[in-house]
Amino acid sequence: MIHARINGIRVEVEEGTTVLDAAKKVNVKIPTLCKHPDLPPTAACGICMVQLKGTDKMIRSCCTEITEGMDIITLTPEIVEVRKTVLELILSNHPNACLTCARNQNCELQSLAAEFGIKEELFGKILKNLEIDDSIKTIVLEPQKCIKCGRCIQACQEMQNVWALSFAGRGLDTRIAPAADFTLVESPCVSCGQCAAYCPVGAIYVYDDTAKVWGALNDPSKHCVVQIAPAVRVAIGESFGMESGELKTGKLYTLLRRMGFQAVFDTNFGADVTIVEEATEFVKRLTKGGGVLPLISSCCPAWVDFMEKFHPDMIPNFSTCKSPHEILAALAKTYYALQLNIPPSSIFMVSIMPCIAKKFEIHRSREMFVSGYQDVNVSITTRELVRMIKQTGIDFSSLPDSEPDHMLADYSGGGTIFGVTGGVMEAALRSISSFLTGKPLGNIGLNDVRGLKGVKEARIKVGDYTLNVAVAHGLGNVEYVINKIRNAREKGEEPPYHFIEVMACPGGCIGGGGQPRNINDEVRRLRINGLYTDDSHCKYRDCHDNPQVKRLYAEFLGEYGSKKSYDILHTYYRHRKEYKSYRETEFLGESE
Amino acid sequence: MNSYETLPDQLSTYVNKWKPKKGSLVMILHAVQDYYGFVPKEICFVLAKELKVPLARIYEVLTFYHYFRLELPAKYRIAVCMGTACYLKGAPDNLDAIKENLNIPEGRATEDGLFTLEIVRCYGCCGLAPVMSINGKIYGKLDKKKSLGILDEYRQKETDS
Ligand code: SF4
Ligand code: SF4
Ligand code: FES
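Chains as they are written, first to last, in the numbering used here: chain A, 1 to 592; chain B, 1 to 161.
Chain A on its own, in the form it takes in the complex (with noise of 0.2 Å):
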């Protein structure tokens, strides 16, 4: 244990210890800007420098450990001056374009102008012309506005291990883009949206899609339907100033009727189905020899992105099944259009997602558009919704509960786990465990797979199996498990797993790129948490035991696996180039 004082405090904390994270110890607050707390310091801002107590020396306390005796003075005149410079150095090489910007009033470096009282520019201005690249149309990424943080890099290079971004050119020349000038379209992101969640400014953002779902909203020839990911309903109550983790499932299904929607769906409820068809593609591939283990869940698209990109020899691996939300879309177009009588041409489905990925998935292959048109026609994030709320005028926390459309809503436990890591995985093996033994897994709730371990492998007894699985989430974990099994494959050894969980953001869906900010381990805890209460307080645990999924395959699907369940519900996958050329960029079909 180290001893120090802070501002006079005494503080004892652990043996490495920053100086930043001792003085959060004892509630002194230091200003920081390029320090996120789920990322090592980049040490590129020197806002949170603080002084050694009887010594002129300055250090940044960010990325300095706290050593035995120190005496830390986070507060003088000159410190200040030293903050107030610091700003006002980076103000002289960003636009003063707040009002018309995507960050503004949720700006970290807006935030720190107001706070320092910062009234004049007493250095000019040097702008550099920067283009904007919006070429991906799922971010958007504006350089001219990037103070070099270095955030995003770190997230898409050593969290996501993804290096579509990187630093260009250095000193005041520098600036973020993909290597060798390449637009992002061209470029290997995958469209996490990690970076986006990570900027403290404009300079990443999530491409905006309200506009379309306003024009449909607006539009009488329109069937305007919409779907809910899981892990939306506990985070959208952070912008309106609730508690992370809080359900808000019956507050949502209210405001999207108010908004406009004929149909309210719930995509927990293609979640269910997912399961159901992933969980028989399982045992099939287990008990039948139909195709390779261990089979690798295929529901988040960022993820299928980067295994095409990046392992396509895992391409057999892959389940065929689609994410949830497209299974949904494809159902409300076929199965819902045919029962309710409504041309599918006529229906616009809307689906709101964590998730900025599904912005590419909805068009990235033919499959996406079984109906015969596009099955998601916009997919918005949270933080998209939000905005929206707020341009209705809805007061969102004094919204009454109200119930969704039943038909393609009900959804078990299993479903609404979706959102976490680990989550699929649980929820499929409670389906495995169903249709190898005829029993429901005994002990519910899979310690092993939960949490937020980046890695995590368990050993489940099912019945006659033992089935070794692994779930991994931030896609820098992934190397490890796609190593084990190359080099298993390599030897002509037993594969080292039956079955493999990924999703790209770290948490899961629950701290996808597209959520309210302000993400940490503490948030994605309590969003977490709110997805296993609801879990536990759901009817039915098990996603085949939804009576609405139940009577889905008695109306309209058949079998589990169906020839019917392939056509509709499965997907295909190829290798995609890393780097290509615009020419060789690939959108099917602009979304409307």
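Read the hints as simulated data drawn from the structure, not as lab findings.
Please read all numbers here as calculations on a predicted model, not as lab measurements.
There's no promise every hint is true.
[Claimed, not checked] Away from chain B, derived, C-beta distances all over 12 Å, residues of chain A:
(1) 162
(2) 399
(3) 539
[Stated by the list, open to error] Computed spacing ranges between beta-carbons, pair by pair:
(4) B:30 to A:585: 31 to 39 Å
(5) B:23 to A:121: 40 to 48 Å
(6) B:75 to A:572: 47 to 55 Å
(7) A:122 to B:17: 50 to 58 Å
(8) B:9 to A:172: 37 to 45 Å
(9) A:130 to B:69: 19 to 27 Å
(10) A:520 to B:71: 39 to 47 Å
(11) B:42 to A:250: 38 to 46 Å
(12) B:49 to A:170: 41 to 49 Å
(13) A:12 to B:30: 46 to 54 Å
Even for Gly, the Cβ is constructed at its ideal location relative to N, Cα and C.
Following the hints, complete the assembly by docking chain B with the ligands onto the known chain A.
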């Protein structure tokens, strides 16, 4: 035809020698620039694969040091058309003559930095075939003698100035 798709022997020996050493990327990039007079993008792709380094990392290094050049640096860029029409009307012979005269293969700069040589596909003025361009200026109905004569004109211009 593209000469950048594989590493020439000289470079690949060098890369293999230094590959296992940490921090060898900068040295390897230096060797590439020494060889070509600049660092061609295609070679970076090859290096990324060989060294198992992301392309983004290579470009972070390349753009950090002003020393590295990402474009052919020479004063006069010769682009010889090898489109169908030019090809049939004798472009390969012209190209060989130019290569021999400049003593470089395509994709490289001459030692004095005066010329670079590239191959292009069709300028859309096939009536003039075979053609080449120098810094965008088109020269048509070429033969070996005429081609070399044009190079000499440029050399002359250079000594005059
Ligand atoms: S969206 Fe993900 S993959 Fe794309 S640049 Fe951002 S962090 Fe990298
Ligand atoms: S784009 Fe944003 S996150 Fe990336 S370096 Fe610039 S300011 Fe930081
Ligand atoms: S917050 Fe410490 S240097 Fe930026």
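Quick rundown of the hints versus the structure:
1. 162: The claim is violated: residue 162 of chain A sits with its nearest Cβ about 9 Å from chain B, within 12 Å.
2. 399: holds (45 Å)
3. 539: At about 48 Å from chain B, residue 539 of chain A clears the 12 Å cut-off, so the statement holds.
4. B:30 to A:585: 31 to 39 Å: About 34 Å separates the Cβ atoms of residue 30 of chain B and residue 585 of chain A, which means 31 to 39 Å holds.
5. B:23 to A:121: 40 to 48 Å: holds (42 Å)
6. B:75 to A:572: 47 to 55 Å: holds (52 Å)
7. A:122 to B:17: 50 to 58 Å: Since residue 122 of chain A and residue 17 of chain B have Cβ atoms about 53 Å apart, the given range 50 to 58 Å holds.
8. B:9 to A:172: 37 to 45 Å: Since residue 9 of chain B and residue 172 of chain A have Cβ atoms about 41 Å apart, the given range 37 to 45 Å holds.
9. A:130 to B:69: 19 to 27 Å: Given a distance of about 22 Å, which is inside 19 to 27 Å, the answer is holds.
10. A:520 to B:71: 39 to 47 Å: holds (44 Å)
11. B:42 to A:250: 38 to 46 Å: violated (57 Å)
12. B:49 to A:170: 41 to 49 Å: Hint violated: Cβ distance 26 Å, outside 41 to 49 Å.
13. A:12 to B:30: 46 to 54 Å: Roughly 51 Å apart at Cβ, these two residues keep to the hinted range, so it holds.
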